[in-house]
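Visitor: Here the protein sequences come in this chain order: A and B.
With the numbering used here applied, the first sequence corresponds to residues 1 to 339, in that order.
With the numbering used here applied, the second sequence corresponds to residues 340 to 678, in that order.
Quick caveat, the hints were computed from the structure, so don't treat them as lab data.
The structure presented is a predicted model; accordingly, all values stated were derived computationally and were not measured.
Each hint should be verified, as a subset may be incorrect.
In silico contact screen, one side only, chain A against chain B (beta carbon under 8 Å); selected entries [claimed, not checked]: (1) Q55; (2) V121; (3) C126.
All C-beta atoms in this analysis are idealised placements derived from N, C-alpha and C, irrespective of residue type, glycine included.
Residue strings, one per chain:
Number of protein chains: 2
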Amino acid sequence: MLSTERQSKMAHEGWQEICRPLDPFLKQVTGGLREQVHCFDPAIGTFVQYALAGQGKQLRPVLVALGGGAIGPVGADHVKAAVIIEMVHLATLVHDDVIDHAEMRRGRPTVTANWGAEISVLVGDCLFAQALELAAQFPTPKVCRAVSAATRTVCTGEVMQTLRRGNFNVTREEYLRVVRMKTAELFALACGLGAELAGAAPAAAASLAEYGVELGTAYQIYDDCLDIFGAEPVEGKSLGTDMALGKATLPVLVALERLPAAHARRLRGLLTQWDPSLAAEMRELLSQAGAMEETLLVARSHLARACGAVEVLPPCSESRGLLGLARCLEDQIAAIAAA
Amino acid sequence: MLSTERQSKMAHEGWQEICRPLDPFLKQVTGGLREQVHCFDPAIGTFVQYALAGQGKQLRPVLVALGGGAIGPVGADHVKAAVIIEMVHLATLVHDDVIDHAEMRRGRPTVTANWGAEISVLVGDCLFAQALELAAQFPTPKVCRAVSAATRTVCTGEVMQTLRRGNFNVTREEYLRVVRMKTAELFALACGLGAELAGAAPAAAASLAEYGVELGTAYQIYDDCLDIFGAEPVEGKSLGTDMALGKATLPVLVALERLPAAHARRLRGLLTQWDPSLAAEMRELLSQAGAMEETLLVARSHLARACGAVEVLPPCSESRGLLGLARCLEDQIAAIAAA
Chain A
1 MLSTERQSKM AHEGWQEICR PLDPFLKQVT GGLREQVHCF DPAIGTFVQY ALAGQGKQLR
61 PVLVALGGGA IGPVGADHVK AAVIIEMVHL ATLVHDDVID HAEMRRGRPT VTANWGAEIS
121 VLVGDCLFAQ ALELAAQFPT PKVCRAVSAA TRTVCTGEVM QTLRRGNFNV TREEYLRVVR
181 MKTAELFALA CGLGAELAGA APAAAASLAE YGVELGTAYQ IYDDCLDIFG AEPVEGKSLG
241 TDMALGKATL PVLVALERLP AAHARRLRGL LTQWDPSLAA EMRELLSQAG AMEETLLVAR
301 SHLARACGAV EVLPPCSESR GLLGLARCLE DQIAAIAAA
Chain B
340 MLSTERQSKM AHEGWQEICR PLDPFLKQVT GGLREQVHCF DPAIGTFVQY ALAGQGKQLR
400 PVLVALGGGA IGPVGADHVK AAVIIEMVHL ATLVHDDVID HAEMRRGRPT VTANWGAEIS
460 VLVGDCLFAQ ALELAAQFPT PKVCRAVSAA TRTVCTGEVM QTLRRGNFNV TREEYLRVVR
520 MKTAELFALA CGLGAELAGA APAAAASLAE YGVELGTAYQ IYDDCLDIFG AEPVEGKSLG
580 TDMALGKATL PVLVALERLP AAHARRLRGL LTQWDPSLAA EMRELLSQAG AMEETLLVAR
640 SHLARACGAV EVLPPCSESR GLLGLARCLE DQIAAIAAA
């Protein structure tokens with residue numbers, strides 16, 4: 001059996017190996033995103049530039065490239081689609097950070113920490129609008145339709161999550177529905193749009209979108225786990241944020257299902273009066289419940305469905321890349337579960 | 340010379356007369372807007388329904404109908420365009436009220452007063468996204484492009500205004516630039532898109548958009564005046580809000596230009612430590628400066644340009660309606676100035 005550290009390292013190397021051939025594409029996306037600043041009024045350039053520089057692992061651009069490449073040639077339209085989706089994603093992060101009063105993200109102060117909630121709300125709006133304007137540069141309104149629908153779904157999922165703050169009487173189904181909307185939707189858009197722009201038949205595009213939904217769901221589960229068990233300096237943000245904000249995450253929901261009544265009550269008590277000093281006791285309760293093992297099983301079921309959706313496509317390096325991504329994510333979650 | 344009350348009453352009657360032939364159109368827009376609620380997830384239906392029911396005088400739909408009618412037949416596409424523009428406008432109001440911490444608008448509690456800033460930010464995002472999705476239903480991406488560009492401009496104008504809060508060292512040009520962006524842009528979109536959808540040649544569409552810019556600028560000046568001299572129960576919101584938020588309005592900028600240094604200093608003092616009890620003294624200083632007369636002159640110059648842009652078009656009942664609108668607005672501002 002592998003050590004968890006080794007498992008996590010391998011997952012990281014796997015991720016790098018998948019991304020290496022995409023490097024020129026990802027560089028174009030980063031460049032394209034940076035250039036977008038010139039489309040905004042100079043009066044707001046500072047804010048926009050800062051927000052656009054907050055890219056993370058470029059997961060969504062990777063999915064545009066792989067989803068497209070699994071079908072046919074990947075070109076300038078894919079770069080543009082990736083810039084659009086990344087800009088929508090960054091806009092949602094700007095607004096999320098306002099809503100969560102978040103100070104740090106990806107190791108640097110948030111837009112709202114730097115310039116306040118008022119500016120952040122409006123700058124987020126400008127980013128959304130610019131993403132849609134870029135989408136409207138495509139010759140048909142299909143891209144606009146897909147991007148605006150996905151944006152609405154993401155924001156609706158966020159509303160639902162906000163309404164449920166502090167409510168841990170949530171079923172797994174309800175949890176998964178919100179995850180599907182707030183996180184998996186943009187993954188599905190990235191894969192599906194990538195495929196469509198490469199000329200995919202509707203069935204193949206639907207398969208790739210389904211891959212995106214399932215991978216995105218597993219990714220959110222991974223993110224849930226990181227918030228509880230991650231290493232703060234690596235993540236560049238405070239851990240336990242979900243607990244502090246009263247967000248129900250999968251490990252917690254699983255533990256509440258499985259723990260004996262008294263322990264479940266205790267866990268509920270910790271969550272409703274959250275303080276970072278309670279983290280050790282919460283982890284202990286999660287461990288008693290076998291919550292991470294079950295969480296890993298749930299993630300694996302989604303990743304299996306993701307792989308199933310890709311396996312119907314003709315094999316090629318990109319479809320292998322998509323399968324590899326699922327494997328990396330599984331390894332990462334397994335490493336956390338085993339730690 | 341007319342009494343101000345009579346002048347205001349005539350302007351109101353003039354407005355009603357212009358709108359009467361548009362009544363079936365405006366009813367369709369209201370109905371279309373209400374129906375939009377079914378496009379959203381039921382989980383957020385309550386918020387969306389409430390936000391969509393916050394329509395005001397339907398100025399922008401009126402402009403879509405008149406701008407279109409001045410060129411050719413007005414049909415279902417115009418209703419849809421009016422619904423889109425009204426939805427963008429309502430979305431910006433939801434976010435504005437978050438930013439201004441506004442409790443009341445149009446005689447009822449704001450979305451943020453009812454459900455908090457977090458929900459309001461996200462519901463505003465959902466409205467923006469849905470407006471763009473509706474725009475993407477048009478066969479070409481032209482409408483999407485126009486709507487997203489206008490949205491970005493409006494929000495950029497709002498950022499600029501927010502950055503200048505409490506700064507009364509603003510030139511008229513700077514003030515007018517922000518007004519052009521935050522208010523006049525959607526008026527221009529309404530007229531210009533109305534015209535384009537009726538098959539306008541580029542020059543005619545540009546003339547109508549120019550009308551929108553100039554009318555929208557005068558409308559913002561009117562709104563500035565109302566905040567200082569309006570009647571609270573009529574407006575359905577607190578007066579002096581602009582002062583409380585440190586927003587530079589035209590009458591105030593004019594007064595600061597014209598008052599002798601000591602009085603200007605006193606006015607600046609009132610503005611920076613604003614309290615509603617200071618309203619009477621501020622009005623007195625504005626009156627000493629002849630600020631309302633000068634403000635009326637500025638508004639008139641914009642309205643004259645608005646009329647000039649329409650007068651190049653063949654005369655018809657709709658182009659007369661556009662000229663009539665400008666006259667109504669002039670009468671309203673004159674009534675305030677003379678009060």
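Visitor: Each hint needs a verdict: does it hold in this structure or not?
Guide: Going down the list of hints, with the structure as the test:
{"no.": "1", "hint": "Q55", "in the structure": "violated, 20 Å"}
{"no.": "2", "hint": "V121", "in the structure": "holds, 5 Å"}
{"no.": "3", "hint": "C126", "in the structure": "holds, 5 Å"}
In the structure shown, a violation is registered for the earlier hint numbered 1 alone.
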